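J.: Okay, here's what each chain looks like letter by letter:
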Amino acid sequence: MTRKRHRGRKGKQNRNPTWFISWLCLGLAIALSIYPPQFKANPPTISASTELRGVWLTNVASGVLYTPWGINRALDQLSQLNFNTVYPVVWNRGNTFYPSSVAKRVTGRSQDRGLKILRLGNDVLAQIVKQGNRQRLRVIPWFEYGFMAPAGSNLAKRHPGWISLRGDGTKMLTPDILEPNLLKPAKPNVEPSSRKIQEFIRKQLTRKVVWLNPLHPEVQQFILDLIVEVVEKYDVAGIQLDDHFGLPVELGYDPYTIRLYQQEHQGKSPPINPKDSEWIRWRADKITDFMERVFQAVKSVNPYCLVSLSPNPYNFAYRSYLQDWQTWIKRGLVNELVLQVYRDDLKTFAAELSQPAVQMARGQIPVGVGILSGLWGRPVDMKQIQQQVQMVRDRGFNGVSFFYWESLWSYMSPESPKKRREAFRSLFPASATQPKVLPKSPPTG
Amino acid sequence: MGFLVSLLWVEIGDRTDIRLVEGTIGASAIAFSQALVLRQHLAIAWWWILASILSWALIGGSGMGAIGWVAPGTLLSEPRIIFGVLNGTIVGTMLGLGQWLVLRQQVKKAWMWILANVAGWAIGLSIGWTVGGILRQTTRLFFSELIGLTLAWVVVAGITGVALVVLLRGKPA
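Residue numbers (numbering that gives the first Met the number 0), protein chains in the order written: chain A, 0 to 444; chain B, 0 to 172.
Okay, chain B solo, but in the shape it has when bound (with noise of 0.2 Å):
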């Protein structure tokens, strides 16, 4: 859902136009559609907010691009899996380490946060990547990196989620 109201302002685009700005705003959408769920469970929500705008500033300042609203250079379906399993690791680590500095004030076992990000966009950005690959291939649109895209967020909010859910009935650290 956030990532679908980060596209009022983040326009989807090649690596090196998806950078800090957008990455920091893309996140901004994110992180605020995040925490009106986080606050109803944690009270750590605006550390949430700062550590996600911070980690996706980051990843966009870096030469990856802000990696949840780039589109491949290419169309083909075995790059495209390969480096959505390399770049979805990246990412992973630099975003769940960001928000693990927050989740561990509140979660035992928070560590485990990581290696869900870090599962979640490897696994969501091949999946996404390809298939908006392959859809863009067939329709000659841009448009279908916008579906694949949004596959992509919706494998990792399903991953991330249920590890949040599980991470949420440990005890308080």
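One chain only, chain A, in its complex shape (with noise of 0.2 Å):
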């Protein structure tokens, strides 16, 4: 009994100071969490250059733009270690990464729910434009997707008549977002057992996409104005699209795209062979003339809008996905290009630099490369991006944007986070300066 009292007595003597020091360590990690301590900037040893230094923020296996902290920590760490550029995903999933009257029409939902929720509805875009404004990156927005749409979207759902179709009346695809079938060429047919099953897996908690038919006028108006409204509500350096803005080869035959065929080939229906030369042509031709509205749009808003776009290599893009870049680039609908190279195999990277199409583009706007920097199944060796990056610079290319912002420096990593820093900030170890676009008037006729 004494001692309670004597505990009590002494508790409530204590309760002050206990509180204060309580209290102390609360603002203590409170005014850490706003204000982070900043990284020791080097002084820069190198003049500053002229170079494209960039990431993706996605929303996929990333909290970048779900936590409250996330875009301000990114942009400022980003600014710190020398990048110049932020590809920020808009269009995924069939949602907006902003609030959006184009999606709420079509789609009965403004932007993405995540959103809704953890950031309670707040314009994510709008807080990287002015983010990125303070620490001088150039902002271009990433419609990710491109005609791609969960099966189970509200997209999809709504609108049945917008999807492509196989030959078979089928589809359903499963997303291989980096190909990964690419990313080890040399040994396609022999990967281990586990490698199966993990695969295997995969493709089981895939969820099923559909594929919006990029010839049917309904589904490019919808693109056309989500991407117009960007541009006009956002005071953004361009707009990017990527190997999802065109049409699988084995798609087609849906029933819009049949009758729009036959209209030009007397009647004639498409060959049964998707891989057919001349069909796989007339398609690839008709998204061509796509993008070209989707140029003159943009630049109508607002000519040193940039339009950017990250292909897969050319080959793979056009024979697979009829996206003819190499034909956007001559008729001159592409303003800067960052071409996909997700290969671990460095001989296999430094082939994909040299094909034609690549050198083409070099001779007509500047040309950088998507370099991977990891994903969860996929780490990335800090080395490997370190040769790539190299390898990017000896070639005279116009420079790099990594994939994605999560696996540059985090626990996502191989190695640890400071040390994946210290890497970069010595592959960067001064600013650049974005290569210089001119701006382009609409191509006519």
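Where hints are given, some of them may not hold.
Here are the simulated distance ranges between beta carbons [claimed, not checked]:
id: 1; chain 1: A; residue 1: A125; chain 2: B; residue 2: L7; range: 23 to 33 Å
id: 2; chain 1: B; residue 1: L7; chain 2: A; residue 2: R392; range: 49 to 59 Å
id: 3; chain 1: A; residue 1: K103; chain 2: B; residue 2: V4; range: 33 to 43 Å
id: 4; chain 1: A; residue 1: R377; chain 2: B; residue 2: E77; range: 27 to 37 Å
id: 5; chain 1: B; residue 1: P78; chain 2: A; residue 2: P355; range: 48 to 58 Å
id: 6; chain 1: B; residue 1: G157; chain 2: A; residue 2: G168; range: 57 to 67 Å
These aren't lab readings, by the way, just hints derived from the structure by calculation. Since the model is a prediction, treat every value here as computed from it, not as a measurement. Idealized CB from N, CA, C, for every residue including glycine.
Put the two chains together into one complex; each comes in its own frame, and the hints tell you how they fit.
T.: Rendered as structure tokens:
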């Protein structure tokens, strides 16, 4: 009893100091969250150069858009480590990542549900643009999913007539976002059984997708409206389309496309073989025509707004996704190319950089190289990243962009986050300006 | 729990990267969480916070680094076990000593707290580092070290928690 009283009295006596220290700790913690410790800024060792140093910010396997401090922290770190461009996702899985009246009208949802819940519906793109301007980072919103959409999305459910079909009438696809089979092309058929099991599980867990028909006028108008909405609403340096801005070669057998083909081929139906060269050419040309509409629409809103493209290597892009980006560049429809070269094998990586289409592009516009910095299931060593950046520089390309933010220097990497940051700091010891792109007037005719 | 909260401000890394500042910040999160529980039993919670922070600052400031947030340089299990026991013994001693100075004011046989810390950290760190190393070799992700260290802290919390319950049953000093 005596002890209880004693403890109670002591407890009361110590209550204020206890809570003072506790609140001090809490205050320190909050202060550190808001103002994280700054990295030591190395004095520039070389003069500032011109080089694209970009990174993609995505919503998949990444919390950057969802955590309250994610965007500020990411852009602050990127700026301090002398990056100069970010490609934040704005269109993925049938949702926008900004409040969109176009998306609301077509899908019934103004933006990604996760943002509505975790960010209380705030406009993260506006935050990225504002913070990007402060940190001198070029912001180029990235329409990642292009014509791809989850089969269960509002978009697909509300507009079944927009979806393209195979010859057998099926429409479901398994998304191979990074074309994993291309990552190790040297041994495509000798994968260990553990890898096959992993792949099997991945395919079971992956949500099936469908493909919006890029030839369908309503689909075109929807995608165009989204792009124009972003350019009109936000002070962005450009917009970016990627490898999903095409059509998988096996698709195109939907009633609309067949009718259109028949109209232009004296009633003849499309070939049964989806890889028929004339059939590929016809569909690819239709997509090129739409690309021209996109370019013109963007430039009519803002002539200085870049149209950036991050496709796969040309042969694959054209033959598998009907994306004839070589022609797009020749016709002046692309201002900046960031070629995705997600290869582990350095010889294959080098070979992709020397392809004729890439060389042609370099003669026309700034060309950067997309380098894989890692995925959850596919971590990439810093050494490989350093080697690939060096190879890009040795060949005189205009810079690099990394896929993706979370794998640059997080726990998702093979090395510790700090070691990764130090390595990137040695790759980019001084700031660099982005490659200059002269505004081109929209093509005529 | 305190360890997971500390990860909001402290980034796990190599020994050379986790020093006085990281130790102090990490210890603040840990000690604050512990004090929330301890204040129900002891009237010394704020001294506990101070002792813990100073101990971790000392550990972090030494060449050893704030070991509770450190990933070893090697991935091999054998050296991880050995270094885990060695480093755990040192950390347990230093931390236990600091907190013993506070505990002895109210608890009998408070010296047992030092032993409990040595045992907790030696066992916890060797298990956590070994598991972290095996996972990291399998996944090639640094995230494995976070899992390993979380496990280490769970073991430490288990052993020292039992010791604290035993100590609190004793009469006041």
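J.: Holds or violated: 49 to 59 Å for the Cβ distance of L7(B) and R392(A)?
T.: 37 Å, violated
J.: Take the C-beta atom of G157(B) and the C-beta atom of G168(A), compute their distance, and say whether it sits inside 57 to 67 Å.
T.: At roughly 60 Å between Cβ atoms, G168(A) and G157(B) fall inside 57 to 67 Å, so the hint holds.
J.: Verify the CB-CB distance for A125(A) and L7(B) against the hinted window 23 to 33 Å.
T.: 26 Å, holds
J.: Taking the beta carbons of R377(A) and E77(B), is their distance inside 27 to 37 Å?
T.: Given range 27 to 37 Å: holds, Cβ gap about 29 Å.
J.: Taking the beta carbons of K103(A) and V4(B), is their distance inside 33 to 43 Å?
T.: 38 Å, holds
J.: Hint says 48 to 58 Å; check whether the CB-CB distance for P78(B) and P355(A) agrees.
T.: 52 Å, holds
Hint 2 from the list above is the single one not met by this structure.
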